[in-house]
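Numbering (the UniProt record's numbering), first residue to last: 1 to 285.
To be clear, the hints were calculated from the coordinates, so they are not data collected in a lab. Nothing here was measured: the structure is a model prediction, and the numbers come from that model. Where is the CB? At the ideal position from N, CA and C, for every residue including glycine. Hints may be right or wrong, so weigh each one.
[Said to hold, decoys possible] The calculated label-pair distances, taken between Cβ atoms and stated as ranges, are: (1) N74 x D246: 36 to 42 Å; (2) K34 x P121: 37 to 43 Å; (3) R244 x G146: 22 to 28 Å.
[To be verified] Below, in silico cross-link-like pairs of lysine-lysine (BS3-like), each with a Cα-Cα straight-line distance of 30 Å or less: (4) K94 x K77; (5) K34 x K276; (6) K77 x K213; (7) K34 x K242; (8) K34 x K94; (9) K94 x K276; (10) K213 x K242.
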Amino acid sequence: MRLLVVEGNVRAARERHRATYGLTPSESYSAVLKSLAPDAICDIALPADEGANLPDASGLESYDGVVITGSGLNIWKAEPESMRQVELAREVYKSGTPFFGSCWGLQVATVAAGGSVRANPRGREVGIARDITLTPEGRDHPLYQGKAPIFTSPCVHGDEVEALPDGAIVLAANTVSDVQAVDISHDGGRFWGIQYHPEFSLNELTVILRRYKPTLLSEGFFRDGETVDRYLTDLEALVADKRRTDISWRYGIGPDILDSSRRLKEIENFIEFRVKPVLSERGRA
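Take these sequences, add in the hints, and give me the full structure.
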């Protein structure tokens, strides 16, 4: 199984993640994919970098799946670092290679297919996305096979899908984002995407939230630095010992977050129902 992991971040952002977590976002996502498919070979593309050598549709056909990570960029700004990723996503669609993305990945694939993204007027969704609810289409969709109809997941995003491409199917929503998951068919390809981050373990999420401390304070999620520090210390204690029910109960962090088999179900289903059939077609399964 050959997978291409597309890093959504510019160099400074991915190196900042490596400095605090030990891996760049694309390296972390690759590790998650290999935990679900141990024999997978994961290559990494860096389209945010000027001059990056990126595959075209014919080169992408050599992969069995393409996955786009999250990013600190805002696609509505239409910066070169973002638009190179949109062009790459158009080539992925054209190649017909199974296509998946989290958060930024959903936004890139949406814009590449003719939709639009904006800053969410309802504000940022950060830490845990709550009450993500499957639509009728989502309940019958293979992306959510084995998933509860209402669930929570790690998340960090301030933007949302404003307008969907023609024919896109919304699979999940909550009160913060009307598009928490989508199925997009475009130009011969098909994309499954989610606005949240199941690939984030509680440990990785906590590291990110510690970096976000100034944002959490400035946007009113916490009243003062002492309160946010206490919250992050509690999360770190829960990372160290998942049996700390006093902490998990206090913050509503249940098995959807702590049980990796439940948290990663969407990514597992992408591999099972999109990538593996391609492997079979190519005689590599």
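Verification of the supplied hints:
{"no.": "1", "hint": "N74 x D246: 36 to 42 Å", "in the structure": "38 Å, holds"}
{"no.": "2", "hint": "K34 x P121: 37 to 43 Å", "in the structure": "38 Å, holds"}
{"no.": "3", "hint": "R244 x G146: 22 to 28 Å", "in the structure": "27 Å, holds"}
{"no.": "4", "hint": "K94 x K77", "in the structure": "25 Å, holds"}
{"no.": "5", "hint": "K34 x K276", "in the structure": "14 Å, holds"}
{"no.": "6", "hint": "K77 x K213", "in the structure": "24 Å, holds"}
{"no.": "7", "hint": "K34 x K242", "in the structure": "23 Å, holds"}
{"no.": "8", "hint": "K34 x K94", "in the structure": "26 Å, holds"}
{"no.": "9", "hint": "K94 x K276", "in the structure": "20 Å, holds"}
{"no.": "10", "hint": "K213 x K242", "in the structure": "23 Å, holds"}
Violated hints: none; the structure is consistent with every hint.
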